[in-house]
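Engineer: Read off the chains here:
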Amino acid sequence: MKEMYYDAAIIGGGVIGCAIARELARYDMKICVAEREEDVCSGTTKANSAIVHAGYDASPGSLKARFNLEGNRMMEELSKELDFPFIRNGSLVLCLDEEDLPNLQALLEKGVNNGVEGLTILSGDEVRAIEPNVTDQVVGALYAPTGGIVCPFGLNIALAENACDNGVEFFLNTEILGIEKTTEGFDLKTPDSIIHAKFVINAAGVYADQFHNMVSEKTLTIIPRKGDYLLLDKQAGAHVNHTIFQLPGKMGKGVLVTKTVHGNLLIGPSATDVESKEDVRTTADELTEITKKAAYVVKDIPFRKVITSFSGLRAHEVGGDFVIGEVLDAPGFFDAAGIESPGLTSAPAIGVYVAELVAKKADAKKRADFNGVRKGIVHPEKLTIEERGNLIKEDPRYGTIICRCEGVSEGEIVDSITRTLGAVSLDGVKRRVRAGMGRCQAGFCGPKTIEILARETNRAPEDICKNRPGSNMLKKEEKGAANDRA
Amino acid sequence: MTEHDIIIIGGGPAGLAAAVAARKAGITDILILERDEFLGGILNQCIHNGFGLHTFKEELTGPEYAARFIQMVEEEHIPYLLNTMVLDINSNKEVTIINKESGLTIIKARAIILAMGCRERPRGALNIPGYRPAGIYSAGTAQRFVNMEGKTVGKEVAILGSGDIGLIMARRMTLEGAKVKVVAELMPYSGGLKRNIVQCLDDYGIPLKLSHTVIAIEGKDRLTGITLAQVDENRKPISGTEEYISCDTLLLSVGLLPENELSEGAGVDLNPVTSGPFVDDRLETSTKGIFACGNVLHVHDLVDYVSEEASLAGVSAAAFLKEGQKKYADMVEIAAEHGVRYTVPQRLDKEHMEDQITVRFRVADVYQDRYISVYYDGERVSHKKKRVLAPGEMEQVILKKENLKDYPDLKKIVICTEVE
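These protein sequence lines are chains P and H, in that order.
According to UniProt numbering, the stretch in the first sequence is residues 1 to 486, in order.
According to UniProt numbering, the stretch in the second sequence is residues 1 to 420, in order.
Among the clues, some could well be false.
DSSO-like mimics (lysine-lysine), calculated; alpha carbons at most 27 angstroms apart, straight line [unchecked claim]:
no.: 1; chain 1: H; residue 1: K108; chain 2: P; residue 2: K393
no.: 2; chain 1: P; residue 1: K382; chain 2: H; residue 2: K93
no.: 3; chain 1: P; residue 1: K218; chain 2: P; residue 2: K361
Which residues of chain P face chain H? A few of them, derived with a C-beta cut under 10 angstroms, are [said to hold, decoys possible]:
no.: 4; residue: A284
no.: 5; residue: R304
no.: 6; residue: N371
no.: 7; residue: V373
no.: 8; residue: S409
no.: 9; residue: L426
no.: 10; residue: A442
no.: 11; residue: I450
no.: 12; residue: I452
no.: 13; residue: K475
To be clear, the hints were calculated from the coordinates, so they are not data collected in a lab.
Ideal Cβ positions, reconstructed from N, Cα and C, are used throughout, including at glycine.
Bound conformation, chain H alone:
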């Protein structure tokens, strides 16, 4: 069985950034495993711009952003396998892979970085009733058809869900000559970035109907139309608000799910809120030596933050290999409370932590003029007012090691929202 210092599962933005960071931290024996025929992951189909403002201080398209990292991987001579699917990872860090060249093989890693990304929730997960005709796509699948295969998925389009891919595809389909009739969102607020609502819907006169959902799907062969209805505060359709919209295509942008089936095989504990692994401040999962970053850890809005997070995973995996089996100190719990849905990481090793760590989180609802507060064992240590907080925009707080020194017996850090 061949063995590598670090195996990285996934050659998208997270895997690439993790590989580069691990290499710069001195690890030479790294292998990236990618199931698709190119590196770059989902960025390859994101041909719109808006990537890289934080990382490169310029606005790039998805493929351009990916190309920067692919170039770094090439320059560092980091090996990778394409068209290679990982079938299994176990807690001994043995990875079963399959590809055309070597068939089915098992390779071993001293450390693993999980960077498999996420998938879209399909129609079935929503239980939208009605027929099951052709013409219903998740937004990302339609994006692949249009941007990578050069195909036309439909002419008259309705979009359910206002996640960022749905918003981007509303604009993209319009530019392709399709008529995008409506974007309907179950929640009373959009799940996407404000800038995408402005640039992809408002600029093209596409209506966004909040608190609306699809209650029927018509068409036995190809989709012929949908029925929209307004929903009440319990998200139940309100009788009398039904509206029929004829369309040949329904795109779904109703949520992304981290793809952690492999992680579970390796004994990694998952957070039911994020569907991603529980991690500490070094992004190490509950299985020692297995780290996670990017959308497999929690779904991000911006690739720039994926790269930053993945670099930390790369550095942490390198440190893990150099330190050997370090003694794990007692962990401080990081808890999400009062309007904060989750945090990443969820625990902190304050003895071995970096000088500062970024805790990322999402809020549970749209809030105006609320404070984000941080408590150390009940003592409020930070209290910052935000004009608007929305579930679609990831937030962060920075925790500094020097501040934590003053709390030697600290057990729990709470991150919450407060009205005052």
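Pulled out of the complex, with its shape left as it was, chain P reads as follows:
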């Protein structure tokens, strides 16, 4: 059994764990992140609405309200520093019934109370003027210019890479099986090692209650709340410009309809409490429900252009708010739990807050050599013809297009595999460079991406997985099997 010693161990390589890791890397501490899956960004962060919320929705005084506002304000600067896609496209909360207009006003007031800037109420005609595809029934909307959209993969992976480049160690495929308090701190048991850590940060998403409850009498209960989504082709991405929400009304809570930072159209989520923390099955009922709800607020959605559906789990803590901070009866153990919406928005602010708490407790000093700038994988579509030509001259692999739907070159795919914390699975490549994310859903590029992954990581194609170990794309050929290849 390998024994390892760290000042701080973070459980979970999602956006929260990686935001904390990256902020904690500013301090003179030995830090590790333990992630159960083969890659970071493999739980709740990989399947959500990808929204940077303005902050009018959270209850005033809640942690959700505080970190939402702070995170929203940080996002633009951070997107430049870490080179990930973020667009402040503004959001609209539609009201479809005159009777509900007072609720729209109340939402505005809540937002103002929370400190959200620029909120205004638009008339139905004003909404239709800026968003022609909303339903004719719209009688008004709350417009939040600070609302935005982000690439959750881009944000999570950028934070992880930057943390790693600043010395944080990442243990992937590393599930924490148990935690014991010791005089020095905590022992985290993994299948093949013990991680001794003075401080533990619990950022384990839907599993955060289990880890919390291993060290504390005051238990948490996290209910996995599933949300199904539909993703439409980029040809449908311009159907709306803003992120369209709906004021809760006769049709219930409604769903959002938004373009994504890459120009797709995203619809969802449903909200169904499920028993299993692994239950990411989409269901016909929920997909039908979100289709109907979306069609109720936005006209003529080209549902024929759906390219995939997926579902994710929100980590809903029964208390209803984020649970952030040192656990009272387990000093040195810090929670970042119950991080459901607006968790993605809040992540940068939660990262700063928790890192400061931990550093203060550890009495750690800031490092002089921290470098917060991370250069992402090249975005060829942002280059001029000359720049792109020069790139291909330098490295001809940028001239070979592998994923035709998203226009991804071999050069980008190789970079996604060979860079810091590079991709080891097909999904890892997909989340970093979008190969296989497009309208054919890897039908054409899948075989080529497997070949490149195998070559760059020195493995057999049969060993390449879709994501976690066991999700192998190909089967090993058995000796003696019928084989009549022409």
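Please build the complex by placing chain H on the supplied structure of chain P, with the hints as guidance.
Structural biologist: Chain H in isolation, oriented as in the chain P frame:
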């Protein structure tokens, strides 16, 4: 900016036949652009036989059929670029291409022939609910793995959709040693050719379950099984008919979509029924000087018809260049009605048309003992009985210029099915 008389987008069967025909019609400056590392397109992975019965009067495999046309292209010294992806085509016929050798360049064409083929509908387009494990492939992707990469995709296989690639892969996987447990088809009839059902399923004892679909997908890592259910006339699953089938692989053969994203950039109008361009009898699209043929125009069953159609596109592009800006006469509309889903072409220039043209079409459902009729402005001019009509089998009628002469004011030709 370099300029060519004709640029052909795609070096598969359509692009190759179009190039050869344009060359034979006297055009020397032709360039074929192919994104893959070989010419021949999807034929390279279709190693089964059954190709070429119409074109060459013999039964060839896909690669053999492709090789015949590649040889003609080589003999005619028609230039082509491999590993070259077209990123954009605009209505000025400027084509943006990318490859390793020359980077990103823009070349101009006097005429363009679209021959990009089609892609398979993925799982997501069907919204099959459930987990998203490894082991779910479109049939063509599995075909590529097995036939070109020499890989094994799975051991226990279920296939959803009875399109021709799915049927071919049922046989292919069986020959590879896999157990193909079922082919399920949502519709009450197969979307594939009758001969493929006999030769690929019946001969191997593989059950075809019509009016069935996949309602759940199990397996968090690799696929472990699917649940099939029978569907009613509205294609909704019938409660109580669920059947669990354990399998490690699900192949999808649920439809092909012409790949027209580039065409749209060039301002080409698309027919929502075919997802391919609207064309006239010379296969010219709504953008003058841009022609379309093969599976990018509409999905074919037989490559022989692709070659024939593509030859017409090549000849037409050559004529376009020679005639310069010919005056377009008023077009006669060709309409699909009563059981006919679409026709290609959808309009006809009866002044400049060839002596005869072939109108290809598909029917909307399986019909027995029905007539295919042709009407000229309401007058029935042709009425032919067919024992069986099925959506999976492309049909055709021939229109002759000499017959059309008798209808100087003709506005609309209707092609339809009739019970009597």
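Engineer: Each of the hints needs a verdict: does it hold here or not?
Structural biologist: Cross-check of the supplied hints:
Our distance criterion of 27 angstroms between C-alpha atoms is met by H/K108 and P/K393, whose separation comes to about 23 angstroms. Simply put, P/K382 and H/K93 have alpha-carbon atoms about 23 angstroms apart, close enough for the 27 angstroms limit, and the pair holds. This hinted pair checks out: P/K218 and P/K361 have alpha carbons roughly 21 angstroms apart, not beyond 27 angstroms. Among the interface hints, the one on P/A284 holds; its C-beta lies about 5 angstroms from the nearest C-beta in chain H, closer than the 10 angstroms criterion.
The closest approach between the C-beta of P/R304 and any C-beta of chain H is roughly 8 angstroms, which is under the 10 angstroms cut-off, so the hint is satisfied. About 32 angstroms separates the beta-carbon of P/N371 from the nearest beta-carbon of chain H, more than 10 angstroms, and the hint is not met. Taken as an interface hint, P/V373 does not check out: its beta carbon lies about 28 angstroms from the nearest beta carbon of chain H, beyond 10 angstroms. Here the hint on P/S409 is kept, as its CB sits about 8 angstroms from the closest CB of chain H, short of 10 angstroms.
With its C-beta approaching chain H no nearer than about 8 angstroms, P/L426 sits inside the 10 angstroms limit, and its interface hint holds. Using the Cβ-Cβ criterion of 10 angstroms, the hint placing P/A442 at the interface with chain H is satisfied: the shortest such distance is roughly 8 angstroms. Because the smallest distance between the Cβ of P/I450 and any Cβ of chain H comes to about 9 angstroms, under 10 angstroms, the interface hint for this residue holds. The closest approach between the C-beta of P/I452 and any C-beta of chain H is roughly 13 angstroms, which is over the 10 angstroms cut-off, so the hint fails.
The interface hint given for P/K475 holds, since its Cβ lies 4 angstroms from the closest Cβ of chain H, which is under the 10 angstroms cut-off.
Checked against the numbered hints above, the structure breaks hints 6, 7 and 12 and satisfies the rest.
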